[in-house]
Each structure stands twice: as structure tokens, then as C-alpha cells.
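Residue numbers (my numbering), protein chains in the order written: chain P, 3 to 147; chain S, 738 to 827.
No wet-lab data here; the hints were simulated from the structure. Mixed in with the good hints there might be a few duds.
Claimed, not checked - SDA-like, lysine to any residue: derived pairs with alpha carbons at most 20 Å apart: (1) S:K782 to S:P797; (2) S:K782 to S:G812; (3) S:K782 to P:D113; (4) S:K746 to S:Q794; (5) P:K116 to S:G812; (6) S:K746 to S:L796; (7) S:K746 to P:V108; (8) S:K782 to P:R34; (9) S:K782 to P:R107; (10) S:K782 to P:A52; (11) S:K746 to P:V33; (12) S:K766 to P:Q21; (13) S:K746 to P:D32; (14) S:K782 to P:D32.
Said to hold, decoys possible - Where chain S lies over chain P, by a calculated footprint (3+ residues, C-beta under 8 Å): (15) 47 to 60; (16) 91 to 104; (17) 107 to 115.
Every residue, glycine too, gets a C-beta built ideally from N, C-alpha and C.
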Amino acid sequence: MTDEIIVNKRGEAGMDMVQDTMEEFLAAADVRAVYGEPIQHDDTTIIPTAEVLSGLFFGIGSGGGAGTDEDSSKPMQGSAGGGGGGGRVLSRPVAVVVASPEGVRVEPVIDITKIALAGLTALGFMVGMMFRMSSRRRSLPEIEN
Amino acid sequence: MPLIERETKTGNSRQVGDYNLTPLTQVLKIQTPGHHARFIWNRPKAIVVKTPDGQEQVLPVIDVTRIAIWAMLAGGLLGAIAVRILFWNR
Numbered sequence: 003m004t005d006e007i008i009v010n011k012r013g014e015a016g017m018d019m020v021q022d023t024m025e026e027f028l029a030a031a032d033v034r035a036v037y038g039e040p041i042q043h044d045d046t047t048i049i050p051t052a053e054v055l056s057g058l059f060f061g062i063g064s065g066g067g068a069g070t071d072e073d074s075s076k077p078m079q080g081s082a083g084g085g086g087g088g089g090r091v092l093s094r095p096v097a098v099v100v101a102s103p104e105g106v107r108v109e110p111v112i113d114i115t116k117i118a119l120a121g122l123t124a125l126g127f128m129v130g131m132m133f134r135m136s137s138r139r140r141s142l143p144e145i146e147n
Numbered sequence: 738m739p740l741i742e743r744e745t746k747t748g749n750s751r752q753v754g755d756y757n758l759t760p761l762t763q764v765l766k767i768q769t770p771g772h773h774a775r776f777i778w779n780r781p782k783a784i785v786v787k788t789p790d791g792q793e794q795v796l797p798v799i800d801v802t803r804i805a806i807w808a809m810l811a812g813g814l815l816g817a818i819a820v821r822i823l824f825w826n827r
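Next up, chain P with everything else stripped away, as it sits in the complex:
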């Protein structure tokens, strides 16, 4: 009974720790994570912006058991607990805010490499479909009247 209570307390403490981590994780994804610190250059101020993708997962478990030893026929008790988790934060620049005496404007950040990769994937998909359809036509038996 006492061990069961200790196991439950350990489990609750573990859950509290995970909840605290989760709260810190959520707090990190606020406005300050997206808009960077302003960079001053002569009369112009540049504010970088980025999108932030973050994921966090965890699992925790604990348990206990009681039994008797065959040799000594003494009652035996045991308990164990464990947990694990992981997470990842991804950040990608989206645009820069340029503030100068002429005015404020938003300049996009264009990732040519990603666009080119997406274009090649799309082209590959189309060419693959073309080859698949042409090979299917060739493999069909001709019907003689």
C-alpha cells in the first residue's frame, strides 16, 4: 500500500515536470519568436520575420505489483516507472520589414532552392505519369476484327 502511494507520487511528479516543460514550450511560441530584434543600418531599420513550427510529445507510465517468493514464501512487492519524449522546433525566414524615412514596406524572403525542388517534384510526377500511361498503351494487346 505504501509503495503504491510512492509510485503514484512519483508518477504525479513526473507528470508535473512534463506539464511544466509543455508550458515553457508553449510560451516559447509567442510573438517574440516570430519577429526578431530590429537591426539598425544608417536611417533604415530591418525587422526579420520567421515562421516557427514546433512539436513536442511524451509518454509516461508507472506500475507496481505484489507476490510471494516460492522459496521463502515471503510476500514481495515491486514498482517501476518510466517515461520518454521528444520534440523539434523548425524556423524558416518569411520576410523582412524595412522601415526607412521613405516609408515602411515588407520584403518577402524567397527560398529558390525549395521552390526548385518543388518544381522538380511536380515535373517528375507529370513525366512519371506520362511514361506510365505510354507503357500501358504499348502493353495492351491489339484486337483484330
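Assemble chain S onto chain P, guided by the hints.
Relative to chain P, chain S alone:
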């Protein structure tokens, strides 16, 4: 907290030169039942610019890279469907 939550957050205003800039972000939060996993997508939405004469202007932050990638993939999918239809009728 609901399973899927979408909200627009307003950051602290910054005085840059003569302009007062207020950043806006859009946050999408997804969590699984049981609170075992959480996913957050935080992206810039717009900048609210206040000029010294009191005019307010909203400048949207457009993610050109994301739009281009989705356009390319949609074009590839539509192209593949078009190729399939064209070859099917021959």
C-alpha cells in the same frame, strides 16, 4: 484547451523612426487527446504601421515561398491528371 486552437496575437509596439509598428502573428495549436503531444505553428500575419499624423496602415506579411511551393505541387498534380486524361482517350 481545445484540440485545435487558432488565434491572432498582437505583439508589443515598437517605435522605429517616425513610425509605430505593431506586429501581428497567427498561431495554430493542435494537441492530441490526453495531452501527450502538441504542435504549434506560429507565423507572421501583418504589421500595423501608425504614422505621426495618425494614419494607420496594415501591411500583410505574405509567404511567397510557401505559395510558390503549393502552386508548383498543385500544378504538378493537375498536369498529371491532364496527362492521364489525354493518354486515356488516345
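Please name the hints from earlier in the document that this structure breaks, with their numbers sorted from lowest to highest.
-> Hint check: 2 fails alone, others pass.
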